[in-house]
Each structure stands twice: as C-alpha cells, then as structure tokens.
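K.L.:
Chains as they are written, first to last, in my numbering: chain A, 56 to 463; chain B, 56 to 463.
The set of hints was computed from the structure by calculation and includes no laboratory data. There could be a bad hint or two in this list.
Residues from chain A shown here face chain B by an in silico Cβ test under 10 Å; the list is partial [what the hints assert, rightly or not]:
1) 105
2) 113
3) 150
4) 254
5) 255
6) 398
7) 409
8) 431
9) 441
10) 445
11) 449
Calculated cross-link-like contacts (lysine-lysine; reagent style DSBU-like; alpha-carbon spacing at most 35 Å) [claimed, not checked]:
12) A:246 - B:246
13) A:373 - B:366
14) A:460 - A:388
15) A:366 - A:72
16) A:365 - B:366
17) B:93 - A:93
18) B:238 - B:460
19) B:72 - A:72
20) B:419 - B:72
21) A:238 - B:366
22) A:366 - B:77
23) B:90 - A:366
24) A:93 - A:419
25) B:77 - A:365
26) B:419 - A:93
27) A:388 - A:373
28) A:373 - A:387
29) A:77 - A:90
30) A:366 - B:365
31) A:366 - B:72
32) A:365 - B:387
33) A:365 - A:93
34) B:460 - B:77
35) B:90 - A:72
36) B:373 - A:93
37) A:366 - B:93
38) B:77 - B:459
39) A:77 - B:460
40) B:459 - A:373
Note that the Cβ used here is the ideal one computed from N, Cα and C, for glycine as well.
There are 2 protein chains.
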Amino acid sequence: MKMLLIISDGIGDVPCKDFGYKTPLEHGNYPALAKLAKEGITGMMDPLAPNFPAGSDTAHIAILGEDPFETYNGRGFLEALGTGLRPRAADIGFRVNFGTVENGVVVDRRAGRSPLGLATLATDICSEIVLDVPFQFREASGTRAALVLSGDNLSANVSDGDPHALGAAPHEICPLDDTPEAKFTAEQLNKFIEQARELLSDHPVNRDRQAKDLLPANFLLVRGAGQAPDVATFQERYGVSCACIASTALIQGVSLAFGFDLIDVEGATGETNTDEVAKANATVEALRDYDFVFTHFKATDTASHDGDPKKKVAMIQKLDNMVSHIMAGIDKKDVVIALTGDHTTPCDIGDHTGEPVPVIVWGKNVRADNVTSFGERSCAQGGLGRINGQDLVPILLNQTRRIKKYGA
Amino acid sequence: MKMLLIISDGIGDVPCKDFGYKTPLEHGNYPALAKLAKEGITGMMDPLAPNFPAGSDTAHIAILGEDPFETYNGRGFLEALGTGLRPRAADIGFRVNFGTVENGVVVDRRAGRSPLGLATLATDICSEIVLDVPFQFREASGTRAALVLSGDNLSANVSDGDPHALGAAPHEICPLDDTPEAKFTAEQLNKFIEQARELLSDHPVNRDRQAKDLLPANFLLVRGAGQAPDVATFQERYGVSCACIASTALIQGVSLAFGFDLIDVEGATGETNTDEVAKANATVEALRDYDFVFTHFKATDTASHDGDPKKKVAMIQKLDNMVSHIMAGIDKKDVVIALTGDHTTPCDIGDHTGEPVPVIVWGKNVRADNVTSFGERSCAQGGLGRINGQDLVPILLNQTRRIKKYGA
C-alpha cells in the first residue's frame, strides 16, 4: 500500500467576520475535501505544540516526523538545497535577495521584482568573487538567490545583512557569539557582499536594466544563516522510497533533507495561478513509483498572507479540484492519504499563528468518524482527537502496516 | 490585548448520587459560566498528566507554564513566600503549625484553632531563638506559620516533625540522605523546635490562653521542607507584566515565584465567605495595569474537602457571580480569558483526584464550539480537545499574538 501526504500551506484560519464568523474552510463548498472527511477519520493537529506558531520549515520537519526543537538549524540551508545548490552537511546556507541600494540605503529589497539578467549576474558572481573558502551562489525564483559557504570552520551564528526595512543601510554581518568560527564566517560574508557590490555597481546587466527603466540589482541582501537539519532520511528511518511534488524552494529543501526525490511539474508555480490538475496527475503518477508521495499546495498560504479570505476560498477550491483529480486517478484500495495544513495563517492577521490545523486520514481500514466536512470546528469533533505533527507519518506507516510492533 | 486566567480551586468533580449522578457543575445553574462556554472554545485539561492527581502547588506551577516534575522543590518555600517571608533562592522554607502537646504527645495539631496571641509568640520566637544560621519566622492565617532557614549549606531533604496524628509524640527531624547538608539542617531544626518548646511552655500568652479556656500553643509542628521552584518569571519568559489576586498563602507563594505582583482585596478571605464582587472589581482594575491577571477562587475546593456538594454548588454560584461582574466590567474586545480548575476534588472523596478539569478559552478570535455549559462532560465535547496544564498560558499568549513563531 502507498502513502500520500497532502499539505495545504497555511490552510487553518479563525472565524472571519466577512463570512458570518465562519472560516474560509467552513464558508466554501469543497466536495472532494468533504468526501474525504466523510469517508475518513478526522482530528486536529498541533504542528509543533499546542498553540505554538510554526514556521513552514519547522512545521514540515515535524510533520515529516522529526522534532524541530532538536533538529532545526535555520532556514538558509534548506532554501539553498531547494534552490538547487548542493551543500555538504557542515556548510552554511543563506537566503539572499537581489536588492537596490542608492546613496547607501535600501530603496527596494527586491530590485523592483524583475528577474531580468539575474542569471548572468549569478554566473559572474560565481566566477569573479574570491573568498578564503569555497562558495556556491545561485539565482532562484523572482529576485531571490541562495548562497552556500563551505568549510569546517564556519558557524551559522551570524547576523543578517538585510536590514528588513526600506530607507535603512544594509547591515554589516556580525558574529553572534565569541567563537572564531562565527567571526570568520562574518568576515567572509562581509567580503562577499563588498565584492558583489563592486561587481554589480557598474555591471552591463544593470546598465541594461536601467535603460529599460528597471531598478538595478546592485546589492545582495543576505539573511537566515542555517546549517543542515539533523534529520534522518525516510529511507534510513522507515525504509520507504519517497518523492515530493512542491514548487517552493523551502519545501523542496526540507524534502531533500529527508531524502525525497523532487518531481518537477510543468505549470506548478507555487503561486495562485498554479496548475492543480497537472499536480494531481503527477501525484497519481508518482504513487506508481514510490511508497510515499508528498504533494505540497502553497497558494492557500499566499492568499492568507495577502489577507484575502475570498482568494483563500478560491485557492481551497483549487486544492479541492486537485484532490478530486487525485481521487479519480488512484486505486482506492491501495492508497492511504493524510490531508492537512502546516500551520494556521488567519487572513485577518496575515501571519502564522498557533491554533491547530484540521487533518483527515483516509484509507480502507481507518475508523471513519461522523465528521462530514474538512473544517477547523468539524474536525475538532473527529475520531483522531488532537494529535501532534510528529504523529502523522507514523499514522500512515501504521495504516499501511509498516511499523513493527514494539515488544512481543 | 490582555490575558485573564481564572482558576477555581478543586472545581472538578465526579457524578454525585445526591444530584442524580450529575456533578456540582452539571447540577447547578450558572449563567455567566454558561455564557462564557457558549461564546468560547472548551475542552478538558490534565493539570499534570492524564489522571495523575495534582497538588495545588504542582498544578499551579504547570498551569503557569513550567513542568512541575522538573521544577517543584516542595511546598514549604512557597508557603513561606506567600506568608510574607522573603527567602533567597538557596534557603529552605517550612510549613509550621502552632500545636498543643501534653505529656509528650500531640493533643491538638492546631492549638484549638485559636490565633489569640500567636503574633506575639512569633515576635518572641524571632528575637529569642538562636541558631547557627539566620532564620525568619512568621505567623500566618489561623494557627499556621512559616519558617525559613538561610544559608548555603542547607538541604530540604529532611523529615517532618509533625507526626500528622493525635496521640503521637512529635517526631525528631531526621536527615533523609547522607549529605552533611541534610544532617546540619535537621540539627538546626531540632534546635529550633526545642528552643521554641522551652520559650512557649510558660509564656505569658499561653497562660492567658489557658485562663480563657483555650489550648496553649506550646509546640511548633514543622513539615513540608522546600526549596525555591526552578521556574522563570513571566517577565523573563514572556516579557509580560502580571498580577495575582488570591487569598491563599500557597497560591500567593507560587505566584510570587513566577514574578506576579500580589493585589490585596478587602473582603477576599480564601474562605466560603469571600467577597466575590470585590475580587471581580479588583480583577477588572488590574486588567487596566497588567498584561496578565490571574484570579484565584479557593472556596470551591474548601467545600469539596468538606465533602459537601450543596456547599460546592453554592460556591460555584459565587464564582459565577464573580465572573458575571468581571464580564460586565471589562472591554470584551481587549481581553482573552481562560477559566478552569487546578484539579478535581470529588466531594465524596474529599481529596484531590486525577480526572481532568473542564476549561474554557474565551476571546474574540477563538474558534467557538457547540458547547453551551461549563461541565466535566459538556467540555469533553469541546473544540480544544484534551490539553495539558502547561498548554494553557501558551494558548493565551497565542490568542493575544504574543508568541513568536519558531522557524520561518
């Protein structure tokens, strides 16, 4: 039997005044999700701990079965992995934005959001910058990029260069402890940023951007230093093959850290225009080849961060359509499905909060309960009760009879 | 937004034959509690762990967010704090009763419950007893008192002097381990008790008591050695200001250990005659000045220990009246409330048991459930599910958006 984990990012919400104090999940009509809830067993899940707001990275680490409070070492490494860089375990990864600095202050943290020429800039950065340690640098979606510093004498305990505000000067990177490693890492980063500044200031790509009335990408805003999470792969831990369908670098990075193969889907964008039917088809396909498939759906979180509950309902309808196509394609006797979110992102707050998320476990052997819809309050009446994020993969492993009994 | 925690001591109960197998919470009519349940989200809470009976001290430590199995170091220190003594972290606190000993055996563990002259005795004890370490001693409510021994070479691992039985001789204090600290502490305590015995035996206060047909307070029954709990203050841990409204020395002591300011309320007695409206008014007032207010209601536990379910119903009605006055006084948009008990105290047992207690979380953003009354069985159907005592403060912090997310 195969296992399918579907995570809809930030799907949880709180009562919304515009919807008569229903949540987006409670307000809309989602026939495929309702059918899954009706036929499955439901409950509420605390990704990290009761009422503890989770990042997407820490929540996914927990839902994939490891304790993030023990294993999480920052976001940069995971972003670098997802961007396509291949850091070794001891390396340090960083998130980077191409930004625009004028007269010493940040005027745009994303260089007007235009990616024009950034691949060329990244290539030149890789060939021309010289540090005392090897590094990798690569452009990512939009104006994002990732950086990896390699070596055994580095530390992730350094501050951000990104001031996270307009009109402020970029920060010098500082060590956050007294170790020689943190000091050395900060020095190397400051060197990197300064050499990049010189390289970018009069680069032909930026002359071309300015000729086209685009902001120059003349500064690298570095943040989120991180090391590899201390997690085991699914192969090592459970002996199963696994694949991930996700369009967000961070989620791809987390999945790579857990040993997942990444499956590329044309039309899957990680944005609200994503092709959910293509994702469904790829999911059905992947279930033929892998024991465990994880399909991530990002757009619900995007709508939540935008503070737009109507858009969130539209995105849940896309999710519903994706689930409908998956259910039409799979052999129902042979698949166990878990469907949930990684955290609650209330539209009226626009950021992650700590309320639990609803969860469905569906499959031929589950103890189906009386819940008939996928919602924050309906699933609170469900047969699973209130579970922790780290419980979910073991539930799938148990439903597919892959966990050996402990004792005799 | 402000946070209000209301704990009704020992409010949980079990089905009661006299009430047609309803509990005191299920039997009575409590409109303010019912309204809170109807508008809020409810659940069941295990103060320590599922079905593990909690003391009031350990339960409050857990509900205030720390693990009592890791941090609790005995009751005496907390009682001493609540009595008004100011021990340093390394000091040892003890609970003390003024008792009556005749012919070498205890004839009354509370000297007939008359406090007449005990303040004078306490003053003389402080000025006349000489030990090898500094000490503090103070009378408390009724015939209770508290003792603190100061110094760095002391241990709380010593036995009780109180034999906890009538007709028995007071016990010599013994070290409970082989350390020099435990031995030294036991020696100092035995010295203290012996010098007090000599001082009290023919003290004018006791001659006066006997002339008035009261039992002499001629012996100090010492018990419950304790050290400071290993907890962080709310200021350190959460960065919030906090105040406590409680009339019980133990609860005041726990609150002081967590950095709460104590608010004195005239008419609040910690007994069944407490002025619940005065407590409500003080609570409303405190919410103007503090981020977090904790209001404790003791009388429900007193009725339970007395084994009197009708009195318990009357005390829950007082609690209901207190809540009604609080709700009339606060700005409902700006306060999140948690209402619960610290443990179950069934009237037909008269002591703490391990069943979970019902809990309500009320506030403008909660996912209100279908529960419409505050009871042990109604709240078991609630949307919070079954939570742990240590989850409760994080729930309030999350509802007031004070917890930073872990991860990104």
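K.L.:
Which of the listed hints are not met by the structure?
P.N.:
Per hint list: 4, 5, 10, 11, 12, 13, 16, 18, 19, 20, 21, 22, 25, 30, 31, 34, 36 and 38 violated.
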